[in-house]
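Q: Read off the chains here:
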Amino acid sequence: MKQKYLFNIMFIGLTMIFTTTAFSEEYVIDQHNKSFQLGGKKIEAITIKAGDTIRFKNEDPFFHNIFSLSDLKTFDLGSFPKGQSKTVTFDKAGLAEVECAIHPEMYMEVSVQ
Amino acid sequence: MDIKSPFNKFGQKVLLALCLSLIGTSVLATDLSHYLRPSEIPQPDNNRMTPERIELGKMLFFDPRLSGSNWISCATCHNPGLGWSDGLPTAIGHGQKILRRSTPTILNTAYQPLQLWDGRARSLEKQALGPIEDEGEMAQRLHKSEDRSHGLIDELNALKGYRDAFETAYPGEGITKKTIAKALSSFERTIVSTDAPFDRWIKGDKKAMSKSALRGFTLFEGKANCAKCHSNFNFTDNGFHNIGLEDATDAGRYAIRKVKILIGAFKTPTLRDIALTAPYMHNGAYTTLEEVIEHYNVGGISKENISPNIKKLNLSNSEKSDLVVFLKSLTGKPSPITYPMLPVE
Ligand SMILES: [Cu+2]
Chain A
221 MKQKYLFNIM FIGLTMIFTT TAFSEEYVID QHNKSFQLGG KKIEAITIKA GDTIRFKNED
281 PFFHNIFSLS DLKTFDLGSF PKGQSKTVTF DKAGLAEVEC AIHPEMYMEV SVQ
Chain B
186 MDIKSPFNKF GQKVLLALCL SLIGTSVLAT DLSHYLRPSE IPQPDNNRMT PERIELGKML
246 FFDPRLSGSN WISCATCHNP GLGWSDGLPT AIGHGQKILR RSTPTILNTA YQPLQLWDGR
306 ARSLEKQALG PIEDEGEMAQ RLHKSEDRSH GLIDELNALK GYRDAFETAY PGEGITKKTI
366 AKALSSFERT IVSTDAPFDR WIKGDKKAMS KSALRGFTLF EGKANCAKCH SNFNFTDNGF
426 HNIGLEDATD AGRYAIRKVK ILIGAFKTPT LRDIALTAPY MHNGAYTTLE EVIEHYNVGG
486 ISKENISPNI KKLNLSNSEK SDLVVFLKSL TGKPSPITYP MLPVE
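Protein chains in written order, with the numbering used here: chain A, 221 to 333; chain B, 186 to 530.
Just to be clear, a hint being listed does not mean it is correct.
To be verified - Cβ-Cβ distance ranges computed for the label pairs, FRET-style: (1) B:475 / A:279: 32 to 42 Å; (2) B:256 / A:301: 42 to 52 Å; (3) A:260 / B:521: 25 to 35 Å; (4) B:359 / A:309: 50 to 60 Å; (5) A:253 / B:318: 33 to 43 Å; (6) B:233 / A:312: 36 to 46 Å; (7) A:312 / B:476: 43 to 53 Å.
Treat the hints as calculated values from the structure; they're not laboratory data. Here a beta-carbon is modelled for each residue, glycine too, at the ideal position from N, C-alpha and C.
Make a model of the complete structure from these sequences and hints.
A: Here is the structure:
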C-alpha cells in the first residue's frame, strides 16, 4: 500500500514535468505574399514565451530566406521553396528582429518573455 | 435527389462548364491586375509633393554646383535623354574616375522601398545626399571643412534665387541637409514611367502587343522564370539576388546584411523603359537585351552562391527573340523634360 502511494506521487511528479514541457508552444508563421502571416493575417510582431518555437513556412511560389542577426538569437534558415518549413526555438527572453534576406520588406519582431 | 436522371447529368455538366469558364476569367483578371499602375505615387507624410518642392528639386538636380568640382550634376549620370541613366557600363565620377557599379535609372524609384543596388538607403530622402558627399561620385562637402572654405549649404545660401525657392517650398525650414534631400526626392518622385504597349494591352487594347510580344509574355511568366523576381507593376520584387554574373569583387547586399545568400546579390532592377537603359546589370556586363536573355538561358555564368531561381532554360532562338520583343513592349514614350533656369544670384 505504501509503495502504491509512493508510485502515485512519482506519477504526479512526472506528469507535472511533462505538462511543463508541453506548455512550450509551436507557432506557425507563413511567408505569404511577401509578408509574415499568422493564421492568414499579416503580422509585424509576435509575443511568445521562452522555450517556444516558431515554424517558418514558405507559402509563396518563390524562395524566402529567413534570418536574424539579433543579439538574442542569430540564425540563418537558408532559402527554401513553397511548402517547406524550418523551426527556430527561442530559449531566452528578449527581442529578436526577424527578416527575409531576399525581401527586406518582410520584417517582424519576436518578443520573448 | 436522383442524380441518375439525364437532365440532372446535363445540368451538372453545364454548371461545371460555367464554373470552369468563370474560374478561367477570374484567374486571368487577378493574375494581371498586379501589373496595373498603382493609383498614386507613394510619398512620405513629412514630404508631400507640391509644385514648389518639385521645381526646387529640379533646379538642384540639374545644378552642377552641387558637386565639389561644380561640374557634375545629378543629371550628369541620371541623364533624362538616356533613360535617366548614362549609357555607360559603369558610372564615371569625380576626377573622371570609373566607378564599379552602373548608374541605376531613377525612373520609378518612387515605387521602391529601398534605394541603390545594395539597398542601403531606406528612402529617396536618405539616398539623395549619398552621391553628393561620396568622394568617388560628386565629392562635395555640405559644410565648410579643412579643405574647403565653403560647403554646399553656404553656396546655396549665397544665392537669392535658392533662398527664395527654399523658403517657398519649405517655409521657415531654411537651406539644410534635410530640405535639400527632401526637394531632390520630391522631383525624383515625378519621374515615373509612361504607358507602354504592355500597359495599353493590360487595359484592354488587344492590338497594343504583337503576337511575338504576347508569346514573350507567356514565356516571361512561365518557362523563362523571369516573373519570379521581375514581378508587379514595376517589374521588380524589390528583392536581392545573386544572378551568377562573373564578378567576384563586389559583395553587393552582403556588405549591408551579413547573410550568406546575399554574397554577390543585388537589387532586382525595374524593367520599365528597359530599351532605354543599356548597358545592363549592376556591373554593366551586357550591352544588349539579347545578351541578357542568353545569360539567363545558360543559367548564369558563375555558379558560386547563385540564386536557386536561376536555372538552365533551354530556350529556342525564336523564344529568345519573343522575350526580347516582350521586354521592349515595356518601354513607353518618356515625357519630355524642360531644363530649369538656375539661379545666378
Ligand atoms: Cu522573402
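Q: Can you give the numbers of the hints that this structure goes against, from lowest to highest?
A: 3
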